[in-house]
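*Asks:* Sequence:
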Amino acid sequence: PLLPNTFLVVGFLEFSVGKFTYFVLSRRFPQEAVLRHISSNVTFLLFQIHSQYQNTTVSYTKTLLPSTSGTGNDRGLVFILRPEQTVCTWYLETEDTKPVQSVAVTLSYSERDPIPGGCNLEFDLDIDPNIYLDYNFFETTIKFAPANIGYARAAEPPPCDVSTGQESRWRLRYHVYQYFLPEGDLTEASLLQHLQRMAQVVQVMASAVKVVTLTADDKTVVSFSSLPGQGVIYNVIVWDPSLNTSAAYVPVHTYACSFDSVDGNCVPPGRVSTKVFSTLFALLGLFTCFFGHRFWKTELFFVGFIFLGFFFYILITRLTALKYEVRLVLTAVAGSIGGLLLVASWWRFGILTLCMLCVGLVLGFLVSSGTFFTPLGNLNVFHDDGVFWVTFSCIALLVPVIFLGCLRILNILACGIVGSYSVVLAINSYMFTSLSYITLNVLRRALNADFRGAFIRVPFQTNDYIILAVWGMLAVTGITLQIRRERGRPPFPPHPYKLWKQERERRVTNILDPSHHIPPLRERLYGWVARIKELFQKEQPAGERTPLLL
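Mapping of the sequence shown onto UniProt numbering: position 520 corresponds to residue 520, and the numbering continues sequentially without gaps.
In case anyone wonders, no lab produced these hints; they're calculated from the structure.
Source: prediction; values computed, not measured.
Treat the hints with caution; some may be incorrect.
[Stated by the list, open to error] Taking lysine to aspartate or glutamate pairs in the EDC-like style, the calculated list, with each CA pair at most 20 Å apart, reads:
no., residue 1, residue 2
1, K143, D217
2, K219, E122
3, K62, D134
4, K533, E523
[What the hints assert, rightly or not] Okay, the calculated beta carbon distance ranges per label pair:
no., residue 1, residue 2, range
5, I483, N136, 42 to 52 Å
6, T374, F295, 32 to 42 Å
7, S67, V333, 55 to 65 Å
Think of the CB as a built atom: it goes at the ideal place given N, C-alpha and C, for glycine as much as any other residue.
Based on the sequences and whatever the hints tell you, model everything.
*Replies:* Structure (structure tokens):
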């Protein structure tokens, strides 16, 4: 179905400056587009065309050549106008078998405005205003060609690399902007509508968030953390500080996923394995949130599961090429072993300090992750791995040190905050929420070395406020209930192994105790094994087998 105010292109299309036009391209001969009545004070035009995921091609000529055309979801061309030129033509087409719903606009600039991509030395077009985007699971990278300062019609373009003074393109600045689409909205109509807010300089500055400013000395490459399933639009505004003029590149969008492939598909639902794992983990976390301090061994299993499971997943992901489902199962097994080992160490040795160190480190990990989830994490100093991990570890260690004198409060806080956060992670497997990236960004940094240079920004919209309120409500309720319930009780349960030894000695010395006559555990185990063996042994016949002598 066509979008409202959309028409099918059958051979000829006329544009107006600054007016967005909806149309549908079909797989036919190149379609001609024209712009008439160009004002004399316009020095160059920037035409751009956008579609959701199907490629379109825009070309200067009917014959498509790499140096005269561009193909992609978001592509544009710059037209340097000749003296007295009032009409401009170009050509549109698509190689996709299905019709492509598109939106396009032509923008005009004067001789004082910088020319986006005017000093291109890397890509095919002589003047390339396009932003080239590449993504993977960890990061999304955009790169673009440097701009040139503006010049009048019929004038020679200023040289790009002859000098680096203030009279050349080296004075230009590049402001990189990021704009988030509504969470969970993968519709074509929504994308094409929001792209209109990211095409012109004034609208970009009013609607988007400026992430970073680059100088002419910086590389024109910027990385962001990928958000699979979340629509994001990027654009670059080139600014001439001497003339205080600006121009916008062609905006580019991504969902960090594919609408075509089965693996990494944008369309929900997500992986079944992730839903099962996160749901079971959330149930255990929810129990810990409300009853963790009372059921001390269950909490230790929960903490041990997190501790060993996290490091084991990093290890097998970096060292092996196993499929995601296999890694998830192995992580669940390793986490269970870690939980059992922590419970067993408490039962046998009863070292409260060791157990509380693990509990405090898990809470400290969440606190430290939340600290770097803020704009603090985007500081340039933390792009260095050494600085980042040392600072991260110090914050994580600071939490158990602060609560060294009140271990019960530390334990209850860990139960309420960490246990309730597991519910947030489970929600993320069913619907997108930015709060899950509090810890997922740290996991990504541990798994991918290139992630250190990515800017970490996520949308915070209505769903996130609701989930944040749920997280806070669960944490506060769990902490309050456990503090009230534990009033007047011992801070922690006694050493289980000592209790077991005392009970065994009591049974040995007290002959009136019925349990005194129960055989030891080892003898009972041997007895059970013997009885099981008897079930598989062939029954021996009774009586004499030889015939009687008469």
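*Asks:* Compare the structure with each hint and give your call.
*Replies:* Right, here's what the structure says about each hint:
1. K143 <-> D217: Holds - the C-alpha atoms of D217 and K143 are around 15 Å apart, at most 20 Å.
2. K219 <-> E122: holds (12 Å)
3. K62 <-> D134: It is violated: about 29 Å lies between the C-alpha atoms, which goes past 20 Å.
4. K533 <-> E523: holds (15 Å)
5. I483 <-> N136: 42 to 52 Å: At roughly 45 Å between Cβ atoms, N136 and I483 fall inside 42 to 52 Å, so the hint holds.
6. T374 <-> F295: 32 to 42 Å: holds (34 Å)
7. S67 <-> V333: 55 to 65 Å: holds (56 Å)
Hint violations for this structure: number 3 only, all remaining hints satisfied.
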